[in-house]
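K.L.:
Listed below, chain by chain, are the residues.
Protein chains: 2
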Amino acid sequence: MSAEETDERRARVVLSLISEPGDPRFTDLAHEVGGVRLLQAIRTDPERHDLLMSAAARLRELDVDAELARAERCGARFVIPGDGEWPSQLDDLAAVAPLNERGGVPIGLWVRGPLRLDTLAGSVAIVGARSATSYGNEVAADIAAEIGLAGVPVVSGAAYGIDYAAHRGALSADAPTVAVLACGPDRAYPVAHRRLLEHLATHHAVVSDAPPGAAPTRIRFLSRNRLIAALARGTVVVEAAARSGSLTTMNWAERLSRITMGVPGPVTSAASVGVHQAMRHGASIVTSGADVLELVGAAGANLTEDPRAPRTARDRLSVHDRQVLDAVPVTLGAPADSIAKVAGLGILSVQPALTRLRRGGLVERDPHGWRLTEAARESGGHGATSHVARPAVPTIEG
Amino acid sequence: MSAEETDERRARVVLSLISEPGDPRFTDLAHEVGGVRLLQAIRTDPERHDLLMSAAARLRELDVDAELARAERCGARFVIPGDGEWPSQLDDLAAVAPLNERGGVPIGLWVRGPLRLDTLAGSVAIVGARSATSYGNEVAADIAAEIGLAGVPVVSGAAYGIDYAAHRGALSADAPTVAVLACGPDRAYPVAHRRLLEHLATHHAVVSDAPPGAAPTRIRFLSRNRLIAALARGTVVVEAAARSGSLTTMNWAERLSRITMGVPGPVTSAASVGVHQAMRHGASIVTSGADVLELVGAAGANLTEDPRAPRTARDRLSVHDRQVLDAVPVTLGAPADSIAKVAGLGILSVQPALTRLRRGGLVERDPHGWRLTEAARESGGHGATSHVARPAVPTIEG
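Chains as they are written, first to last, in full-length UniProt numbering: chain A, 1 to 398; chain B, 1 to 398.
Quick caveat, the hints were computed from the structure, so don't treat them as lab data.
You may find that some hints are simply not true.
Said to hold, decoys possible - Quick look at which bits of chain A chain B covers, simulated, 3 or more residues with Cβ under 8 Å:
(1) 54 to 66
(2) 86 to 96
(3) 347 to 354
Said to hold, decoys possible - Chain A is nowhere near these chain B residues, computed Cβ spacing over 12 Å in every case:
(4) LEU149
(5) ALA175
(6) ARG233
Glycine included, each C-beta is placed from N, C-alpha and C at the ideal position.
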């Protein structure tokens, strides 16, 4: 029996090297029977000949020690289920059906960087379009910075657009931020983000279920997206065209019972079409980091208040007194009974209201009766312009 | 016994003239005991002295015949519960608690214009900010035109901004559109909309629960908002600042179990803050007239499809064949076993895939093996750039 057949970690290294990331035929069995037994089955079980056929080409040229040396050179460690650092929220993937023929708990994660993956249970994924607008980039960076300041780690990819903006925002808040890649953790894709990725690998974390050196193929992005959704407590999509890859991340998040969130944009913007679609399918609207914190935070820990316009003296009035105030003329005063008629109220209730309004500095007496004070005229933009039998009291809409 | 004490219609005319629109002390009793008995109670019942106190000033100067002549001059009719034209959906107001001290089934509606109110059961209200942006105005007009073309009447106010845009859109589609006013139906508020209102009163309808001549006071807008929400099957808010009056309309719509809808906008736009707030509180996202029709239409009658990007030859491939295609180099061909290794697939499944891809015009042979065709290179923007032992296959994110 070779070492790789008895050592679970080494068996999973081999499995990671010979199988496609997220291939559910491998991930499901590894989760159910463990890496050692799966590897044995691939090599010897005629019923699992399909797995051997898939892995044969890679198995033939496999040099585990060379690959481990390569991982060491780039500073990558291999984290597997059972490790203290293992982010156990990923185990939720075992219960969710594959999507695009990809799924399951990863066989292991290749990780570069000092950030421990078991600190990501409360993290938030921020995903979206590569071809984001400046609006989307700004909002993504703002949200990342705001949740980062609250101590919530950010998870994203490493693409142009929203991914980049999310990391930028988190870094501006000096907050932990993690890039999950479709290629090996030592590769820079896109190349223009090499410096960002090196920074993350030095100070935060770069994660992949593909081994060092692996190329970023399309199918691996689909596999990767499930990891982003599963690592985070909730996923925010900032901008996404129809059929964007970000929507598969949202789909994973939803099926994993994570919190799904979308940032609205103009309905005339193609870059927001996919987000609005996600919102129609149940994603919650978020307009700021505070909204995100409220949704992902411990219940009640981060309650946002609905934005309110400043309260004016008028706002503090009862509806009754406002009704009286509305009936008070602007320039030429009117007697209380005339005001009562305009207001549709009894004189006995209008008289004390006028007294209250005078105390509040909103009405004053003139030789003809009651009129608005200058302060009331300026603050309200309302008030009667004439005071005839049938009232003509233009006012602003409330 | 005078005529107004036996004739329900005349009793309600009197009640409309002596009470504030939507004052629930009047609307609730009128709904429960009828106009004739309510009017008797106001005049004679010491227990309803509060109502007499409220109405006393107006009762003293009341000249019913003069007011009816005034209504006739402006072409206004008075529609009351039980009339064939009565929009019976307003009766739902009886079951909903007042808001801002306004509520209840209106005592009657003053109506100008040929449109019958009993045709509005399937209508949609479009409301929003007076200080709308050009984005909001455009979207409101587009939605109104789109639902108008589908035969759905539009209900709105007559304010600047979204109200005006909604009527403009409906008129552009030659669709029925109704303005519900806070003032008498003969008054133009704002004055700049006199022509619009005259057009509606001539070809469509202008409606109010305030009698001809009544001024647009702030409290009457709050009363009016409930009528807009109650007349329509659903209400769309297009733009609204925090604490906008449109949100009281949404509140009424929600409490009346109507469909509430919001048009998203940039989170950086103050004019969309109130809409996003409404969406957080349960309003459905709508981005077009089609979305609105789907929500308010008979179930299944107007199902919209999620927007989709055009399908490419690549989209039609199985995940397996796409995985093979991703592993095919761009310029210099590679043998099938090399492609199999890159793809992480067995040679026995890669060979037939390459055949299928050649039939599809996506790959071709060269002296070294298989490579992408020009068509595949152009359509995908993907494919391997090199083909070494450890694959280096940049591809676009899927």
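K.L.:
Taking the earlier hints as the rules, which of them does this structure contradict?
P.N.:
Checked against the structure, the only hint that fails is number 2, while the rest are satisfied.
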